[in-house]
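Here's the letter readout for the chains.
Number of protein chains: 2
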Amino acid sequence: MSLDEAVEKPHEKLAAYLADDLEAVNALIRERMASEHAPRIPEVTAHLIEAGGKRLRPMLTLASAKACGYDGPYHVHLAATVEFIHTATLLHDDVVDESAQRRGRPTANLLWDNKSSVLVGDYLFARAFQLMTDAQDLRVLRILSNAAATIAEGEVLQLTAAQDLRTDEDIYLKVVRGKTAALFSAATEVGGVLAQQDETVIRALFDYGDALGISFQIVDDLLDYWGSDKTGKNIGDDFRERKLTLPVIKAVAKADAEERAFWQRTIEKGRQEEGDLDHAIALLTKHNTLEETRAVAIEWAERAKAALSALPTGDVPPMLADIADYVVARLR
Amino acid sequence: MSLDEAVEKPHEKLAAYLADDLEAVNALIRERMASEHAPRIPEVTAHLIEAGGKRLRPMLTLASAKACGYDGPYHVHLAATVEFIHTATLLHDDVVDESAQRRGRPTANLLWDNKSSVLVGDYLFARAFQLMTDAQDLRVLRILSNAAATIAEGEVLQLTAAQDLRTDEDIYLKVVRGKTAALFSAATEVGGVLAQQDETVIRALFDYGDALGISFQIVDDLLDYWGSDKTGKNIGDDFRERKLTLPVIKAVAKADAEERAFWQRTIEKGRQEEGDLDHAIALLTKHNTLEETRAVAIEWAERAKAALSALPTGDVPPMLADIADYVVARLR
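Read top to bottom, the protein sequences are chains A and B. So the first sequence is numbered by my numbering: it starts at 13 and just counts up by one. So the second sequence is numbered by my numbering: it starts at 13 and just counts up by one.
Rather than coming from a laboratory, the hints here were simulated on the basis of the structure. Be careful, since some hints might not be right.
What the simulated footprint calls covered on chain B by chain A, stretch by stretch (three residues with Cβ under 8 angstroms from a Cβ of chain A suffice, anywhere in the stretch; the number is not a length) [unchecked claim]:
#	segment
1	144-158
2	166-180
3	209-221
Quick partial rundown of chain B residues pointing at chain A, CB under 10 angstroms, derived from the structure [as the list claims (entries may be wrong)]:
#	residue
4	Pro51
5	Asp109
6	Leu131
Source: prediction; values computed, not measured. Where a beta carbon is used, it is the ideal one built from N, C-alpha and C, also for glycine.
Pulled out of the complex, with its shape left as it was, chain A reads as follows (with noise of 0.2 angstroms):
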């Protein structure tokens, strides 16, 4: 093992830290993802729940509440929520982007078919709202059914926006939002409305998970130009789909008349051949578009970092702090 692997990574000390409520979390998502009539609900959301994800979603809103001082029960309920409404989106996502691969392995839409991916995402996201209404906070309620909306929105917006090239920075800063950061906000805010904080306490958690998400959103577009095996990400998939990212959105921004053709061509046409992926990598690298956007990455990071200072003093807020060093230290 080297040195690097026996560190333990910022997202595992918050885990080892969370134990027991993670664990809760855990039961209660075996327990509500069950269903007595419809066994392959189950078998779906058991291939994607098992696959080793890394709660972090979840993890958020414990911690949260945690910094918090919460002292009652329903954030367990509120992380579960968070967590199936990301992994019913996860669902949903891998049937609109025809994706073969998810976290290393075979997607659901790949191993059952769309209809059941379609169908077990819509029950996820009702067990959410179930599990959300546990809470019996109407607060916490409207947070969450509003981030639903917002990454719906967020989506829907990327299906139109990602094959035009007049799709500037501030569109592709709402799809993030949107299709991201709106859970991540979520998840953190709900942790203080839960543990009845001051607004300026609430407003700080949705800061950072606000920002958190945007980095790690732009971070994973990043990856997609920038990665290697070891991400599980497959390289090009994001070119190959048409879909326009921070690296060739800015790269577009700084084109000639012949490479933007050439985005013309690949992207809003779909029009792609041998090779292409190759150039469009040498087009980012020429413009150090990729490095631009690592530093637009960096300075989401610090933003989240920065919000962190209005939180009570405790042990939550520098492992927070460091889970937001981590999402960009994915680039290194």
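Model the placement of chain B on the given structure of chain A, informed by the hints.
For chain B alone, coordinates are given in the frame of chain A:
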């Protein structure tokens, strides 16, 4: 215009009676299906929501609240919630069934793509949950989120049960209760809950919606073999999609070896040939299962009407009884 067409239909009479409330529901639907960021959303939903559905489900909520003397504003929100859940389900169903037509018009998945149908459906689900939190009633939230889970569960059960000749009438009833009756019974039940009625009344409203929904779906399944162009259904869709419904389940139960082989080939294995639909209808006719299925639908409509006796007397219960009669009158 024939005499028959001149007579007002029961759902039109109810719509006229509820005209003001229904106008408020339509206004709320238009307002909440808008999206600032993603214009694709109102395009898709308008296509479906303006396509002239009868608004039967939201009318059931409005009528139930009115029957119980409710005079607050939230029956409008819950009626819109119910219509959003229904519309989301239709969008996803059309993806799952690979349908090309709905209400006599091309489906959204055909006009746009499956991606839009999946994601806009998710958006409507989320909007539905936002709308129901407006009513600020935790029991209502529980009823509607349970209904959403039951619907998805019924749809998944149908996926695996529909092409399996071992599916019997009990399993069929479970599917129907899930995919159709759960929303009908939630629609009526929440009307009574909002009006803070006795449990007897709330239970009666639930029973009416449950039995009406079951009758409605059995009739729908029957029309797939019995219908005409007037009903807007394509005869034989369920057969072609290899979906076991009550007339076929009853025929399979009475099948001799040769007939069983026919159902195995066409439904279980999906190897259909020219003339198979005619042969299927001939078998249903031979075993009298279309008439038997019609009798079951009528029995459920009678149960729906019987439940109404527990409601406060007034204008509404007789109109709800007429709706139950009309649902099975489609078969004449």
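Tested hints:
no.	hint	in the structure
1	144-158	holds (count 7)
2	166-180	holds (count 6)
3	209-221	violated (count 0)
4	Pro51	holds (8 angstroms)
5	Asp109	holds (8 angstroms)
6	Leu131	holds (5 angstroms)
This entry does not satisfy hint 3, going by the numbered hints stated previously; all others are met.
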